[in-house]
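Going down the list, the protein sequences come from chains A and B.
The first sequence begins at 0 in numbering that gives the first Met the number 0 and counts up one residue at a time.
The second sequence begins at 0 in numbering that gives the first Met the number 0 and counts up one residue at a time.
The hints are simulated quantities; they were obtained by calculation from the structure and are not laboratory data.
For clarity, every value in this text was computed on a predicted model and none was experimentally measured.
Backbone N, C-alpha and C fix where the C-beta goes; we use that ideal spot for every residue, glycine too.
Please note: incorrect hints may appear among the correct ones.
[What the hints assert, rightly or not] DSS-like mimics (lysine-lysine), calculated; alpha carbons at most 25 Å apart, straight line:
(1) LYS237(B) / LYS261(B)
(2) LYS293(B) / LYS317(B)
(3) LYS132(B) / LYS156(B)
(4) LYS177(A) / LYS156(B)
(5) LYS241(B) / LYS335(B)
(6) LYS177(A) / LYS132(B)
(7) LYS261(B) / LYS213(B)
(8) LYS177(A) / LYS237(B)
(9) LYS365(B) / LYS293(B)
[Stated by the list, open to error] According to the in silico footprint, chain B covers these stretches of chain A (three or more CB under 8 Å from chain B):
(10) 48-54
(11) 247-254
[What the hints assert, rightly or not] Selected chain B positions facing chain A (in silico; Cβ < 7 Å):
(12) ILE78
(13) GLU311
(14) THR376
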Amino acid sequence: MPCGLFYERYEKDESIFPTVWLRFWMIALGVFLLTFPFFAQPLSDALGINLLNLFNLFFIYIVGAHGLNLLTGYTGQISLGHGAFMGVGAYTAGILANLGWPFWLALPFAGLMTAAVGMIFGIPSLRLKGLYLAIATMAAQFILDYAMRNWEALTGGSSGLAVPAASIGGFEFDDDFKFYFLGLAFAAGATMYLKNITRTRPGRAFVAVRDRYLSAEVIGVNLFKYRIMSFGISSFMVGIAGGLWAYYITIISDEHFTIWLSVQYLAMIIVGGMGSVLGSIYGVIFMVTLPEVLLIPAETLTEIWPDIFGIFASLREMIFGIIVIAFLIFEPDGLAARWHTIRAYWKLWPFSY
Amino acid sequence: MSRKILVTALALTLCLALAPLAMAKDIKVGGIFDITGPTSAVGKDYAAGAVAGEKYWNKKNVLGGDMLKLIPNDYAYKIPQAVTLYKKYKSVDRVFVIQGWGTGDTNALRPLVNKDKIVYLSASYDGNLTNPKKNPYNFFIGTSYSTCIRLAMVYAKENGAKKMVFIYPDHPYGKNPIPAGKDFAKKQGLQIGPDQIVGLRAIDATSQLLAMKKYNPDFAWIGGTTPSTAVILKDAAKLGLKTKFVINPWGFDENLPRLAGKAAEGRAFGLLVVAPFGANVPGMKDVVASAGGKNYTLHYVKSWVSMMVMVEGMGRAKRAGKLNGPGLKAALETLKDFGTGGLTAPITFTPTDHRPNTSCAIGGVKGGKIYIEKNVTFPRMPEYIGW
């Protein structure tokens, strides 16, 4: 019996779930996720957290975070515009839904629309790198944000835009329980897509562009094509996330898609781990759960000290910032890397060396 | 080291999670307030008043042993955040009544509230919410914004106004009552100049006021909150405008003289839907006592009255044996000339009309303090239900 993981064929090395145990755990996770909504209600009552809502937000943001991770983690192009891109997807889906388009048509169209917008704002990436690209995409954020707020005929302005619930073939996903399965399907699909795209030719080109764009160009990677492609795919995914969000919340307003959301997306992949599929998932779970968990002490302590919830409301964002800084200092590779260390520790225990 | 932290964190989360289990069953009330958002300057006192009201009625034990449990949360004036909180209140806390806040989110939640039969008492006095045919579960306790505009126009007309301008923020809160105001202006024969948009977080309104100066109106309506109102008043004084300002219920409070200084005197006239904090009315004694020595603004009184009306409705619903959403709605609709101890004009809800009252006071600023100039009443006309 081999004392480690040895691959004898390239296919095995490339396989997504190389070991039996991993396959077992993945199936267990699948079963858990599929049955979770059926016992979520008592759990929510015990914890005081709306778990189904939390999971639905996980699913939506996972799709978007995968998108940003592809662009920033794999291709090395920073974007501070993904909050607004999500808004483009949400508004496209919302407007089309109000025009009577069915869900299965409006959602992909929202993705395509966002991809087009993302590719336009991605053009500067040919010339700009790092900070300069960050500022250029931030400009996209402000332009789109302004348009969402002030193009009232299209977006409903500050009153927001009501969106009907998603429905496929007469089946309405109009509550948290039903939407869960829709969200789960999209999150799983996006995860498989990201995992697979990194194993293809474009995926390897993305990584080459990230690691050393000059060498990549020398060995024949078309920088312009792959940067724009990365922007396109990334925006497509975040647009789908926006569309899903619109169908989930059923009312969209520009307040949600500000620079704060863009920063939050970046924080998700930084906390989770850039350039790692698991990273965006961990990041989303962490960043979405944190504010919900911070609500619990506030709600409980209000009994004793009535003013505390007001203080907690302001503290939430500060704690948020402190945690991001702490991650950058102590775990710059994110939760995914931390998870690997923990796993390795137990695997080798007690004979770690 | 890291495992120790993990274990401690897990233990802590478990403790916090299990804490609510240990407590008795109460009547839960959802609270959606703005503590950190653009309207937080007035939202903080409103939230404080609601929390104090909860404590006060629990101490008085008016619900025969049932305890109110208000769950206050901040939503930073973001509509989606309000929807998320609403979902939590509905499916986790299973509330049948919510104390809400803004116009945008209250209107956004209307369809959900009606579907789930949850009574929604808002701090938005949007006239749109007063039509029970469309919004049977929406209630509020102050004179509606559109009625306020009408009263302001009557007041302006009495003071010789011929031309008027609307200044408001680009929010549903500012925008929604404007069509009603313009409609009434026609009936009053007032001329209306071009609207000016001043945001809730504005720190300068010079360009808007310069544009307004060209039109030179006698009166202008301000539909913002206190900080932006103070900015407008100060800039108007700086530019030497002769225009007087009538200000909606959330832009005129005890803080205005402090923020605007001399600029407010003789220039600012606010619509007061509740008595100012500490005013000499019978109901105010308990309000001031509940504040524990702190000096709040009249927004504290508003949420106090909102809680008072809710508790009264709960008491009636309980006696009818239907302490739930539809029961509370029906109970609130039996309120007739319900006295709030002078904190507001008497409140009446009927199954066909959810306007609480149509009377309020017009206040001014003198010597760094606000005072009540006169009480005004608009006739309760059926054609104005719902706007």
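Hint-by-hint comparison with the structure:
no. : hint                  : in the structure
1   : LYS237(B) / LYS261(B) : 11 Å, holds
2   : LYS293(B) / LYS317(B) : 34 Å, violated
3   : LYS132(B) / LYS156(B) : 33 Å, violated
4   : LYS177(A) / LYS156(B) : 56 Å, violated
5   : LYS241(B) / LYS335(B) : 43 Å, violated
6   : LYS177(A) / LYS132(B) : 30 Å, violated
7   : LYS261(B) / LYS213(B) : 24 Å, holds
8   : LYS177(A) / LYS237(B) : 58 Å, violated
9   : LYS365(B) / LYS293(B) : 23 Å, holds
10  : 48-54                 : holds (count 4)
11  : 247-254               : holds (count 6)
12  : ILE78                 : 5 Å, holds
13  : GLU311                : 22 Å, violated
14  : THR376                : 31 Å, violated
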